[in-house]
Amino acid sequence: MDPLVEIENLKAYYRAFLYGVDREVRAVDDISLTIARGEVYGVAGESSSGKTTLIKTIAGAIRPPLRVVSGKVTFHFDGGTQDIYAMKPEERLALRWRHLSYIMQGSMNVLNPVRRIRHSFTDFAFRHMKVGKSEFFERVATHLQRLKLDPHLLDAYPHELSGGMRQRMTIALATILTPEFIIADEPTTALDVIVQRDVLSMIREIQREMGSSFLFVTHDMGVHATVSDRIGIVYAGRLVEEAPTAKLFNMPLHPYTQHLVGSLPRIGDATARPSLEGRPPNLAMPPEGCRFHPRCPKRMEICSRKVPPLVTVEPQRRVACFAVTGDQV
Amino acid sequence: DDYTSLPRKETLIVENPEGTIKNPGWFNIWVNGGGGVSTGLQQLTMDTLWYIDPEQGLGGATWDNSLAADKPQYNADFTEMTVKLRKGLFWSDGVEFTADDVVYTVKTQMDHPGMVWSAAFSVQVASVEATDPSTVVFKLKKPNSRFHAIFTVRWNGAWIMPKHVFEKVEDPLRYDFANPVSLGAYKLKSFDPQGKWYTWEKRDDWQRTSLARFGEPAPKYVTYTDPGPPDKRTIAQLEHNLDIIHDNTPEGMFTLKEKSKSIETWFPGFPFAHPDPTLPAVIFNTQDPPFDNADVRWALALLIDIKAVDMASYRGAATLSALGVPPTAATMKDYQAPMQDWLKNFEIDTGKSKIKPYDPTVGQQIADILRKQPKFKDQIPTDPQAISGAFGYGWWKPDPKAAGELLEKAGFKKSGGKWLTPDGQPFKIRMTVEGDTRSVFTRAGTLIAQQWAAFGIDAKAVPAAKLWQVALQPGDFQVAIAWSVETWGGDPDLSFFLDSWHSQFVAKKGDNQPPRNWQRWSNPELDKIIESIRGISADDPKGVELGKDYLKLVAREMPTIPLMSYNVFTSMDTTYWTGYPTISDPYTDPVPNWANSRLMMVKLKPAQPK
Amino acid sequence: MTSYLLFVLKRFGQFLLVVFLGVTITFFVTHLTPIDPVEESIGAITQMGQSDPNAIELMRQSLRELYGMEGSIWQQYLHFWLRLATGDLGPSLSAFPTPVSTIILRSLPWTIGLMTMSTLITFVLGNAIGALAGYYRKNMVMKAVSLVFIALLPIPYYILAFVLLIVFGYLWPVLPINGGYEMNANLDLSFALVLDILKHSILPAFSLILVGTGSWLIGMRALVSNIITEDYVVFAELGGVPKRKILRSYISRNAMVPQFTGLAMSLGAIFNGTVITEIVFGYPGIGNLLIEAVHAGDYSLVLGLSALSIVGVAAAVFIIDILSPLIDPRIKVE
Amino acid sequence: MSALLSLSHVTKVYRQGGMLGRRLITAVKDVSFELGEEPEILSIVGESGSGKSTIAAMILGQTEPTEGELQFSGRTVAIHSRAERRAFMKEVQPVLQNPFEAFNPLKRVDRYLFETARNFSFSGKRPDREQAERMADAALVHVGLTLEEVKGRFPHELSGGQLQRVAIARALIPQPRLLVADEPVSMVDASLRMAIVNLFGRLKNELGLSIVYITHDLATAYYISDNIIIMRKGEIVERGQARTVLDNPQHPYSRALKDAVLAADFSPAT
Amino acid sequence: MFTIVRDLARQNMEFLCGLLLFAVIVGLIVVSYFSPYGATDIYLLPPDMPPDGEYWLGTTSRGQDVFWQLTTALRNTLFFGIGVAFISRIISLVVGLVAGYAGGAVDRVLMAINDSVMVIPQFPLLILFYFVLKDSMTWTALIVIMASLGWSYDARLIRSVAISLKTRSFTTQSVYSGMSMRKILVEEHLPYVLPIVFATTMNNMIWSIGMEITLSVLGFTDIETPTMGMMIYWANAHSALISGIWWWVAAPVAVIVVLFLALFLLSMSMNEYNDPRSRLNRMGS
Ligand SMILES: Nc1ncnc2c1ncn2[C@@H]1O[C@H](COP(=O)(O)OP(=O)(O)OP(=O)(O)O)[C@@H](O)[C@H]1O
Ligand SMILES: Nc1ncnc2c1ncn2[C@@H]1O[C@H](COP(=O)(O)OP(=O)(O)OP(=O)(O)O)[C@@H](O)[C@H]1O
Ligand SMILES: [Mg+2]
Ligand SMILES: [Mg+2]
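Residue numbers (the working numbering), protein chains in the order written: chain A, 1 to 329; chain B, 330 to 939; chain C, 940 to 1273; chain D, 1274 to 1543; chain E, 1544 to 1828.
You may find that some hints are simply not true.
[Unchecked claim] Simulated crosslink set (PhoX-like; lysine-lysine; CA at most 20 Å straight-line):
{"#": "1", "chain 1": "D", "residue 1": "1380", "chain 2": "E", "residue 2": "1709"}
{"#": "2", "chain 1": "C", "residue 1": "1184", "chain 2": "A", "residue 2": "133"}
{"#": "3", "chain 1": "C", "residue 1": "1077", "chain 2": "A", "residue 2": "130"}
{"#": "4", "chain 1": "A", "residue 1": "11", "chain 2": "A", "residue 2": "72"}
{"#": "5", "chain 1": "B", "residue 1": "436", "chain 2": "B", "residue 2": "497"}
{"#": "6", "chain 1": "B", "residue 1": "730", "chain 2": "B", "residue 2": "685"}
{"#": "7", "chain 1": "B", "residue 1": "934", "chain 2": "B", "residue 2": "590"}
{"#": "8", "chain 1": "B", "residue 1": "871", "chain 2": "B", "residue 2": "838"}
{"#": "9", "chain 1": "B", "residue 1": "549", "chain 2": "B", "residue 2": "939"}
{"#": "10", "chain 1": "B", "residue 1": "726", "chain 2": "B", "residue 2": "685"}
{"#": "11", "chain 1": "B", "residue 1": "400", "chain 2": "B", "residue 2": "468"}
{"#": "12", "chain 1": "B", "residue 1": "881", "chain 2": "B", "residue 2": "726"}
{"#": "13", "chain 1": "C", "residue 1": "1182", "chain 2": "A", "residue 2": "88"}
{"#": "14", "chain 1": "E", "residue 1": "1726", "chain 2": "D", "residue 2": "1380"}
{"#": "15", "chain 1": "B", "residue 1": "590", "chain 2": "B", "residue 2": "338"}
{"#": "16", "chain 1": "B", "residue 1": "549", "chain 2": "B", "residue 2": "518"}
{"#": "17", "chain 1": "E", "residue 1": "1726", "chain 2": "D", "residue 2": "1363"}
{"#": "18", "chain 1": "B", "residue 1": "673", "chain 2": "B", "residue 2": "877"}
No lab work stands behind these hints, which were simulated from the structure alone.
Treat the numbers as computed from the prediction; the structure is a model and nothing was measured.
Required output: the full structure, derived from the provided sequences and hints.
Pasting the structure below:
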């Protein structure tokens, strides 16, 4: 495996100690993972389990009150090694878009509403392309066509496009420079199923062609099943399971994953699906031990005492559950 | 350069107190069309039959036959006035001035209601005709011994119109008289279309004007300008960009005196200012109880500490007057000085006691107070005569006890430190003052109200931006600071204001009061005095005696409380011109918006060689 | 496009309504004034040395007739609109018979010149500093500069103007302090005249700029600090778009949208004139004219000037409303 | 036959633009359907912009149809007096799309429960605080919460699922007969989504509530609903029993829709 | 509450400065009630004394102590400004919220009124009111008049927010909770527009106090009530600037500046605190 991104023991907390508030939200709590070159890595998990925080931290897009408390994020762009939290701001800036592009959550609303879309392309990409204006726009047009977007739309204002078109624009913007690493947070929420399917297959196509790595988050397990090579399941700030897509769906190991996969309704199958009991943990005061244990059908005594470590159970497959791995260190 | 090409050394720059002229191109002075009047227009280009100078005048008398060759000639019953005109006077366009111009002036105005003197002529004149090119005969509708006053300049008068210009005009009411044809020694050179300045140039044929009798006017150019608020006038004069300031704040005047070596003022020392022949006073609305009661008015007078008022308003730079005439040089001589003994013995009856309220030493006291201030030490006269001339003779002594007695006599009661009116209400006085327009009066009023308040009266000063229009005229006030006495200045004849004090003109409550009896006071004794004055000619020496009767009457009745002269802080810069009128050479009033100030032109001398 | 035209028409109707209401209110309020222009005129005339009460009564009647003040207020109101329909504002009552329009047109160019210039400079300056101060929030220089302007904001304008006048006209007399040009200037159009007019406008404009900048600055700063947390700004930052570009095209550009409304309003309000500037610097203009007209009870002139200002502000609101869909593409034409 | 809700030939035309130069958009075109007296869950699915939300708005009386008639319990749905409106709201309540948006972030969530309780009491009397609390608690129990868990909390202190359940509880307080839920689960994660959908099923069975369920998620529609309507461009293209229709869609659009659903099973990517 | 203030003061320089400046203002207002001199009494002290140990801020040409004058003037001016701001805020809130929420004909009528008020030139109107009301032109009357002139722009601003609030789904939720329009406006929408209201309050105060000063300078106000404008009026009537009595002018100007800097700094830091986004920003710093 040729790693492109290595994340080691990453901890990122939201800290608020002011104005009578005294709170620390451990949204990313000790996560390690590696993404290979050319790989599509999907992240899933409950709402507010820290998915966005995790990929923000990876993208180096942190602002107060979010802080990286410890851990390392290392990239291997152009064969080198870049530790994103040890770099100078200018160097970090130089990586952006050229090597690393990031599609934020709510990507249908990230374009400047009062400027024509054309200008966003110039602002983001023109500097890096080292070509003349007209050639630049030719390339942009070609790229847009691949995403089934009419190049005329460059002269539109964002609000003149439908949500789905805007999301595709953002994707186009993020991929135009063929960066080595693309991060996307729920990139297809505004699309109806038919459009969504088209967009996803295009993303996949482009990613393959460019050999880029792709890290993305979505709630839609159907999307994961279609696009991801590997999936990481996050629960309450922790990575609880990581597996190649097929294995995760066919044989989920962690009880949360099992529930997630098992509860998905399918057309043609009307059997009742149970819903998870209890409520999501408060990340400011997470349960001791395994964070899932209050809701876990397979909980054991040790679960409330000890944090289950993420154990590699087979190649490319890790899980953090005592019920699976036994009470080993 | 020819962008601003007037040679400063040949130009006299004068403040026009009218400020910025709203309708600058309007020179038709016979129609109130928003144009300026004291832009030089009336001082330098207008002329009429006679002038009375508020000071001594040139040519040995305050009376001056200007366009007229002689004094007015009346018939025995004052129903006809004949005027002899000078010959050899020319309009600036070369047309000769004749009796026809005078006749035209009167007839045109009578034919056009709305022109400035139209009503005045219509009411009085039965007919007017030129019996020959230099004689005009007026037939009057009813006897009037002072009909000539309308053609006599004090501040101004009915100016003569150029017939040859106006007769070509379709409607004189709508004619702007652009490029005004001048009968004076100057003619228009240029003016600011925004109304900030007017410049006049000496006529080449200045000899053919009435002013030539006194010599050649010195300034080649005279500019009348609006230099802005007082502080800016001060700055402009400190920088020698303004030769004559019309008026200033007392403090502005002190600053000028302190900082400029070249400033000349009417009095060389305190109070610097020129006393205008108007008399600021506390004016009661005598139609309004309790101010219809002389005892109440007197009580309020006795509560005033005039020294404090003087310091507050003029900072000591005022000339006090206990009598109902302004303390100008002429009235000082004719009335104030001769009446000192009467004043000293004057008594009032408070109901409980008789007191002599007059304090003849107040002027002296103020001089002493001022002398203690290091800044002014050397500028205070020491000669008693000069002190009286500068600060006035005396005034009423504050006498709270007598005031209380007078109020009790009028039925007032004091309870819990507060005075109650006879019907048991708190005695409340609202003193209307003019606000910003004449801030020294506002200062005086504020202090007087405070003095009354200290005595247990609910007194307060309230400003009215348009005092005359919103308070005095409609009678919508209790007490105000303003003036209702205005004299010729240079002549002891009091008819100038007194005639309008006749009870026949007092408006009913709620109606508009015609000027000047703002106090709406009527008194049979006064009517008799006025009628006697009407029956004698203006220069009859009996006039002064009647004037004294009037003064005694108002001292007893106190319809207004006379305070002090209206001091105008005129200052003159000697950098470019000398020979301004001052108390030591009082040939005319220095205040430059008066039409008489044309006399200055012939007395000024350039201070610097050309 | 037709729908836009219709929107414009509808807005224009509203504009007319507002002008009508505004002028109507002003008409009745000005006619409430206790100051009677006839009495004012009589005051001016009696000052000229006559006070015979009989004559005054006669004068009163003839002036009343001359000034066309007969008839009830409703008749006058109707008359006013009829005249206005023909573009005639009538004669001024304090400068009879000069037409109100002549008087206004004499002063108006000065007001427009000075105010447009200073409003635009103030707008640019305030917004530039405000944008920088909002973006570089921790920068001490920006903090200091904006505090200075904000501190200038509440200083009574009269005082500020006067201090400037004393400093630059007296203590260090380098600038003219009175009028729109030199006294006795040759008013034929020349380079010297233009230069002189510019020189005379420096202090008045400077004073207006000093007091005016702060409020734009505050507004801009607040807008910018809201905008910098918007997703599209964060996205541009993450996209490595250079800071200057972000400040210009993402932050200032977007914050300008509401600021333009303010600018239009200020430009519309130009027709109110600046009384104090005109008083302090003796600058020609309509502000002082208005005050004088009020003082003189010249409601013809007051109405003329007010109508101008009403139309000015209403037009500004109207223009901004019809332009805003063009400035801000998000605004939909309802 | 008396129906709870019936739409007959309902058309809604929106005007865009000015008064004359308008552009007409037919958001809903000649739509008719009925909900019977028996409690049922009716799903409406379709492409975006096909008029689903417009139908919801018309059912709720927020906007009036251009043509056709909507009847609720045999009476025309039209907004007249305040009292009529209130009576109508007692019977028909909405569940909004985004639970985070549905509550004023500056106000406590229980406020909406108490307000509803006070404004829609059954007795006609305004209940006092205690009664209101009891009513709120009863409604919360239906959705698996208790008043204790919710009382005094601000929206940001609750999870999305909790908020959505509180919103449903609020809608239950007037004891309505019909819930109109416009994409109630599109903003929540897969497991919460199931919790809410399951809740709908329970409410139908236990409280006899009818629900109009508007969604993009065909899988949940299949899972929970009795009947389904598939819409496209303002028109109904197919309707019928949910399972019948989805198992074997007839209309080409319905088929395309079904095909586009990404199955959440692993099928090797193409 | 206390901890909030404490943390604000600790973390936020602006807040601390604003608080200190505000304390100065409050201090001045409090001591104004203990003035040894009657506020309107004149010629009690030697005039024109420069600031020194005895007269901290000197005396005026009217023989008043500038310091004590200032305290009373500040109090009156501030109450005036607050009065105007308060009343005009209420009007603009009612008009803005109702117009925005109700929409349709109500909106059009309200906005026509609003715009008409907005376009009327205020200054001549105020002067006319002076002429018409004369003695009845009390401070209360002036407050009411100024307030009724000073709301329209802000009402438009509030309306624009109200329009968007109307489309928020919590408004729908409130409607279906059976809340009345009044309740929705007051309890649901009002909290949202409060930050704008606070922001416009300062502008409104600057406007009204500036207007008061301008009217005073032109000689239109009640000259017996000491206010900032009156102090400047009297100083001006005595040519204080040109006569070197600078303290008479400098003192009120300084206090006004301090007042507004305090208000500005406080409002800025409070807004930051109020807006969770910027509050959090600061936390991390
Ligand atoms: N700015 C912030 N300040 C404090 N806490 C925050 C902040 N942003 C997020 N959080 C908290 O951090 C936790 C993780 O949030 P995050 O946005 O990463 O969740 P997520 O998994 O992306 O959820 P979703 O699926 O809803 O997008 C949540 O508990 C959230 O409340
Ligand atoms: N208030 C309105 N004014 C004008 N047009 C409207 C309005 N509301 C909706 N429309 C239009 O009506 C059509 C149907 O909209 P609707 O919101 O009902 O669709 P939808 O099926 O709910 O879509 P989505 O799945 O995206 O929510 C769209 O074309 C929309 O633009
Ligand atoms: Mg997220
Ligand atoms: Mg919808």
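Hints, one by one, checked against the model:
1. A threshold of 20 Å between alpha carbons decides the hint, and for residue 1380 (chain D) with residue 1709 (chain E) the separation of about 16 Å falls inside it, so the pair holds.
2. A hinted pair counts as satisfied when its Cα atoms are at most 20 Å apart, and residue 1184 (chain C) with residue 133 (chain A) qualifies at roughly 18 Å.
3. For the proposed pair residue 1077 (chain C) and residue 130 (chain A), the alpha carbon gap of about 35 Å is over 20 Å, so the pair is violated.
4. The suggested pairing of residue 11 (chain A) with residue 72 (chain A) holds, with an alpha-carbon distance near 9 Å, which does not exceed 20 Å.
5. With a C-alpha separation of about 15 Å, the suggested pair residue 436 (chain B) and residue 497 (chain B) falls inside the 20 Å cut-off, and the hint holds.
6. Under the criterion of a C-alpha separation no larger than 20 Å, the hint pairing residue 730 (chain B) with residue 685 (chain B) is consistent with the structure, at around 13 Å.
7. The hinted pair formed by residue 934 (chain B) and residue 590 (chain B) meets the criterion: a straight-line CA distance of about 18 Å does not exceed 20 Å.
8. A hinted pair counts as satisfied when its Cα atoms are at most 20 Å apart, and residue 871 (chain B) with residue 838 (chain B) does not qualify at roughly 35 Å.
9. Between residue 549 (chain B) and residue 939 (chain B) the CA atoms are separated by roughly 12 Å; this keeps the pair inside 20 Å, and the hint holds.
10. The suggested pairing of residue 726 (chain B) with residue 685 (chain B) holds, with an alpha-carbon distance near 9 Å, which does not exceed 20 Å.
11. Distance hint between residue 400 (chain B) and residue 468 (chain B) is fulfilled; the C-alpha atoms sit about 17 Å from each other, no more than 20 Å.
12. Taken as a hint, the residue 881 (chain B) and residue 726 (chain B) pair is honoured in the structure, with Cα atoms around 18 Å apart against an allowance of 20 Å.
13. With a CA separation close to 16 Å, the supplied pair residue 1182 (chain C) and residue 88 (chain A) stays within the 20 Å bound.
14. As the CA atoms of residue 1726 (chain E) and residue 1380 (chain D) are separated by approximately 13 Å, the hinted pair is consistent with the 20 Å bound.
15. Taking the CA atoms of residue 590 (chain B) and residue 338 (chain B), the gap is about 18 Å. The hint holds against a cut of 20 Å.
16. Between residue 549 (chain B) and residue 518 (chain B), the direct Cα distance comes to roughly 11 Å. Compliance with the 20 Å bound is thereby established for this hinted pair.
17. A C-alpha spacing of about 19 Å is found between residue 1726 (chain E) and residue 1363 (chain D), which places the hinted pair at or below 20 Å, so the restraint holds.
18. With a C-alpha separation of about 15 Å, the suggested pair residue 673 (chain B) and residue 877 (chain B) falls inside the 20 Å cut-off, and the hint holds.
The structure does not agree with the numbered hints 3 and 8 stated previously, though it agrees with the rest.
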